[in-house]
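Chemist: Sequence:
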Amino acid sequence: MGKGKSQVRGRWTTGGGSTVAVDRPPPSADERQADPRSNPGRDGRRVRPLVTVWIGLRRAVVASNWEMAKEVLATKDKALASRPLNAAGKYLGMDYTMLGFAPNGDYWRQGRKLTTLELLSPRQLELLKDVRAQELDLAMNDLYKHYNNSSGGTFKLVDMKAWCGDLGFNNILMAVVGKRYFGTNKSEDEVTARRFQKALIDFFIQSGKPVPSDAIPFLEWLDVGGHIRAMKKTAKELDSIATIWLKERRERMASGEPNGPARDFLDVMLNLKDQSHFTGLDPDSVMKATCLTLILAATDAMSTTLTWALALLVSNRHALKKAQEEIDAVVGKERKVNESDVKNFPYIWAIVKETLRMYPVFQTTGTHLAMEDCELGGYKVPKGTTVLVNLWKVQRDPTVWPEPLKFQPERFLTEKGEPDIKKGQNFEFIPFSGGRRKCPGGPFALQVIHLALARLLHEFDLTLPSDEPIDMTESLGLTNPKATPLQVLLTPASPSPSPVKVVI
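Position one of the sequence shown corresponds to residue 260 (my numbering), numbered consecutively onward.
It should be emphasised that the hints constitute simulated quantities derived from the structure, not laboratory data. Even glycine gets a Cβ: it sits at the ideal position worked out from N, Cα and C. Take the hints with a grain of salt, since some may be wrong.
For lysine to aspartate or glutamate, the following EDC-like pairs were computed, each having C-alpha atoms within a straight-line distance of at most 20 Å [claimed, not checked]:
#1 Lys349 x Glu507
#2 Lys595 x Asp396
#3 Lys595 x Asp401
#4 Lys438 x Glu507
Here are the simulated distance ranges between beta carbons [as the list claims (entries may be wrong)]:
#5 Trp313 x Gln684: 33 to 43 Å
#6 Lys639 x Arg488: 31 to 41 Å
#7 Gly636 x Gln746: 38 to 48 Å
#8 Asp541 x Asp587: 50 to 60 Å
Based on the sequences and whatever the hints tell you, model everything.
Modeler: This is the structure:
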């Protein structure tokens, strides 16, 4: 960059072209308090707003405060709207047909338009309301069954991380391909379900690992570390499962058998009259890649955020009690929480926002590629430079967020307890990124998260199995899930409901 060069301390690598992380093992729970990445400013270090990082032969620029984030994601958004070519996009992204990896151009624009209008628009989200409600009913019934079938004392130990993961999978799978893989009335056998789940987990892990050929391209043929071989294996597994979805759906359509109570995204793709989105590409490959893009984007956002929210609440009993009192005041104890109630829970909304501030689903935005020479913060950024925003630093900046390591949902409320609509308008809070490359699945994920959290807190009492603090260690990778299970003791706050009628 012009105007002088910022120096970077320590070794930095690029994770599959999608994240930037310090090259060291993940910190233990004891080490985390001293980790400057988790505690920006606590050790006295000045957080630099813009840093140049050389990754082998390639230049990257990392923005670490809200002013620079605004420049990257808004002011210079058009110049930085593309994606770099890398191993993750080529092999995991199915030769860049997955929208998250696709370079700027007609394919990406048409795909983004299609997914937004046909699945993620307010109208489509409203049409999927019954699907969300049914999936949550089934998931809650599974918790009641676990409680009733267990022997022993009053409380029952549940791995809430696994429960949140299954809930997230089922919700997005039903919306995209009309399938339920986990829990009650699942449409697939356990082996197929866990096989798909493992492939998705491998995708996120491999996307976040450094690949030598991304830094030094001529090393690709050597495949140092076997990363490319592993990516090819994961992509093949995902492709084979998506191929089965297409085959089954075409057979069902040919027989005249209805798919289910609601039209899903795969129906939309198969019935497209305007196929300009597929120009020059194999239609089946595009359909599989687009469906997988949506599933990958939404699954981790839902399960990761809900898990972190529960972990924070059981560790902060005052916030848990305040949330339950808010829900009881609106709903009472005679009925369950409905989606229409959620708008009346400002404290629940604040809890979710504070969770996303402290534990964003992605530690950085996706990598942006400078399509032309431009300037950031007065520095010249040459064409071809990779640019990204460190969400961790932005959302834990002590100059913006007082006591950033404290869980304080109230910071998203006014003094009257109403939502602070101005909070986050200046890019100090961007959990789903921003600009042209903003994650479009945020509204879908948030609707599930708000309703699921409200119902859990309304229908169950949650406590920890011991006085030991929860291990809040994050996983390293493309996303930021909790590294260890979240074991919580549950007891119903009211009698178990009658079984849910399921429409397949």
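Chemist: Each hint: holds or not?
Modeler: Evaluation of the provided hints:
1. For the hint linking Lys349 to Glu507, the alpha-carbon distance of about 27 Å lies beyond 20 Å, and the restraint is violated.
2. A distance of roughly 10 Å separates the Cα atoms of Lys595 and Asp396; the hinted pair therefore holds under the 20 Å criterion.
3. Distance check on the hinted pair: Lys595 and Asp401 sit about 16 Å apart at the alpha-carbon level, within 20 Å; holds.
4. A threshold of 20 Å between alpha carbons decides the hint, and for Lys438 with Glu507 the separation of about 11 Å falls inside it, so the pair holds.
5. With their beta carbons about 34 Å apart, Trp313 and Gln684 fall inside the hinted range of 33 to 43 Å.
6. Checked against the hint of 31 to 41 Å, the pair Lys639 and Arg488 passes, with Cβ atoms roughly 39 Å apart.
7. Between Gly636 and Gln746 the C-beta distance comes to about 45 Å, which sits within the given range of 38 to 48 Å.
8. Between Asp541 and Asp587, the C-beta spacing of about 54 Å keeps the proposed range 50 to 60 Å intact.
Checked against the numbered hints above, the structure breaks only hint 1 and satisfies the rest.
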